[in-house]
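Asker: Could you build all of it, start to finish, from the sequences and the hints given here?
Protein chains in written order, with our numbering: chain A, -11 to 277; chain B, 3 to 350.
Note that these hints are calculated values from the structure, not bench results. All C-beta atoms in this analysis are idealised placements derived from N, C-alpha and C, irrespective of residue type, glycine included. There could be a bad hint or two in this list.
Below, a sample of chain A positions facing chain B; criterion: calculated Cβ distance under 8 Å [what the hints assert, rightly or not]: (1) Arg24; (2) Pro28; (3) Leu31; (4) Asn229; (5) Gly257; (6) Ala260.
Label-pair distances were calculated between CB atoms; the ranges are [as the list claims (entries may be wrong)]: (7) Asn275(A) with Pro38(B): 28 to 36 Å; (8) Phe58(A) with Asp77(B): 44 to 52 Å; (9) Gly19(B) with Leu273(A): 21 to 29 Å; (10) Pro252(B) with Arg190(A): 56 to 64 Å; (11) Asp110(A) with Arg259(B): 31 to 39 Å; (12) Glu231(B) with Pro26(A): 38 to 46 Å; (13) Ser12(A) with Glu269(B): 47 to 55 Å.
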Amino acid sequence: MSTATRTNTPGAGGAPEELAAVSSESLAALLVAGERPPRPGALSASVTFGWRAMLKIKHVPEQLFDVTAFPIMMVLMYTYLFGGALAGSPQEYLQRLLPGILVMSIVMITMYTGVAVNTDIDKGVFDRFRTLPIWRPSVMVGYLLGDMLRYVLGSLVILAVGLVLGFRPAGGAVGVVAGIALLIVFSFAFSWVWTMFGLLLRTEKSVMGVSMMVIFPLTFLSDIFVETSTMPGWLQAFVDNNPVTHASSSVRSFMQGQWPGAELFWTLGWSALLVAVFGPITMRLYNRR
Amino acid sequence: MSNRTGRSTGLAIETAGLVKTFGDTRAVDGVDLTVPAGTVYGVLGPNGAGKTTTVKMLATLLRPDGGEAHVFGHDVVHEADAVRGRVSLTGQYASVDEDLTGTENLVLLGRLTGHSKRASARRAAQLLEAFGLSEAASRQVKNYSGGMRRRIDIAASILNTPDLLFLDEPTTGLDPRSRNQVWDIVRAVVAQGTTVLLTTQYLDEADQLAARIAVIDQGRVIAEGTKGELKASVGAGAVHLRLRDAEQRPEAERLLRAALDAQVVLEADPLALTARIASGGESGNGGGNGLAAAEKASRALAELARAGITVDTFSLGQPSLDEVFLALTDRPAPRTDVQEDTQKEALA
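Answerer: The following block contains the structure:
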């Protein structure tokens, strides 16, 4: 049944492609032979969607730009821009800044989750998934599983740049791994904010816009760049209760070889709260759409 | 395990007073549908008639604002998961992932419907082969042509052999050749016992594929029945004539009107006229009562010959669904180039 198939590149004004004929017999055989297996479990479905996210990274590697080039730029810029003024030398400043800039960069790239969700709705893949008899949140969890890979990649890139520039974490390998692990957990939780916006807003542009509005104040109004004690009281009140501050102090403590204590508790508490609030809202929007 | 018994018996879809409103517009305004299992059911209507909204409600993508709908006896709202286990959907909005290859898309859906990795890969390969897409299997779907896109969409939808397949305007935007190929696929699918709900704005598509047709306009079903019933409701058929001499047309019109007791339309072509013959039983008075359309037509032709009018070409056909639509809505049916072409073909 191998009719010659011409594979001319389709495009504007192209001649209709010569397609091999549809084989009714083999189609019929397939439909008859089709046994329906039991439905996949929640984990299996989520992992499958995670696999999809990996495939997308494979086919569209440009999307890794934001977890590689962007963080490198951030580290270089802030280290040399503020280092001299804030800590005497870039080298000194880097010891404080790197864990924070790590948190900032990764939290910033979480917003692409919302863009991905929105694009899928736009392209029409979403409604097919929604008609499948699977555990409903698995689509969303799949996005986040793929994103976690990106967060790990981004973290490693930043860490590598930091080490090259002279970052020497006192916590050693254990401290660094613990810090990154905590950051991944926090970012996973934080991403549910974006899945909500991805479903809520109409266009990719508006998702980006809103994300910026949320991300910039949250990441800059934190203890990432300077000590909280240098700020006016009203600002301290915000910064001290900003979940990004909790996350960055915890990650910094881990990397400096200290136990983060209450900050760790706050970070995990915020993570749980974000999932508990934005998870159900996301799923509600997902089901209702 | 899904229950396969009764795949082609009973009712696939039953809705009563289905309503969906978006803001002030009632997109679907009390739709009642009864779709027997094992057939192709056509839902015909122009853009914005409420076809897609109806399908989305039946496929559990939208929640109805009123009325109820059952798919194989399962309520689409309260037993959505049971419905999802038996239906599948192809539409402009329910597509595949453009960034992935044909194989990857099918494997993904295979895994999501519970097939093992190996079984998913095998089924993906078989489906691609059956759909003539083997050579494009490892290309990203965004590089597919329109016809290939539609094929991979349908392949994805029948991967798990659904009991009910929604095809929402499956041939919109396709060239006539690709349309015919999609029609072949639909016939093959329904031959295996899958019920198909087909929405279309192409009258000839419904005519070609569907056993029963619902005509929907402004959110309401304005007619429902077999093709024959629908056509009969507008008349028995139409006689299309083309004269040799344009000057004879007024005379021909007068004679036809008298002989057929029918409405005669003068076409844009100065040589052509069309007479719509009322169906036998309904014909009001005069000589034609109770006669078959063909007999009436041949008598009319004899009248024309007697009057010395030369008829160049002549055809007698059942009314097209186009005419059905016009008769039902008092508005012309939505037209597209593709549709016009195929309808001319049908007349030729």
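Asker: Now look at each hint and say whether the structure bears it out.
Answerer: Structure-based check of all given hints:
1. Contact between Arg24(A) and chain B, as hinted, is supported at the beta carbon level, the nearest pair being about 5 Å apart and thus within 8 Å.
2. Given hint, Pro28(A) at the interface with chain B, holds; its Cβ is 5 Å from that chain's nearest Cβ, closer than 8 Å.
3. Residue-level restraint check for Leu31(A) is violated (minimum Cβ-Cβ distance to chain B is 12 Å; threshold 8 Å).
4. The interface hint given for Asn229(A) is broken, as the beta carbon of that residue sits about 38 Å from the closest beta carbon of chain B, more than 8 Å.
5. For Gly257(A), the shortest C-beta to C-beta distance to chain B is roughly 34 Å, which exceeds 8 Å, and the interface hint is violated.
6. Annotation: interface hint on Ala260(A) violated; nearest CB of chain B at approximately 28 Å, more than 8 Å.
7. For the pair Asn275(A) and Pro38(B), the beta carbons lie near 30 Å from each other, so the given range of 28 to 36 Å is met.
8. A C-beta distance of roughly 49 Å is found between Phe58(A) and Asp77(B), which places it inside the suggested range of 44 to 52 Å.
9. For Gly19(B) paired with Leu273(A), a C-beta distance near 27 Å keeps the hint of 21 to 29 Å intact.
10. The given range of 56 to 64 Å is respected by Pro252(B) and Arg190(A), whose C-beta atoms sit roughly 58 Å from each other.
11. For the hinted restraint 31 to 39 Å between Asp110(A) and Arg259(B), the CB-CB distance of approximately 55 Å leaves it violated.
12. At about 43 Å, the beta-carbon gap between Glu231(B) and Pro26(A) stays in the expected band of 38 to 46 Å.
13. In this structure the hint that Ser12(A) and Glu269(B) lie 47 to 55 Å apart at CB is violated, the actual value being about 39 Å.
This entry does not satisfy hints 3, 4, 5, 6, 11 and 13, going by the numbered hints stated previously.
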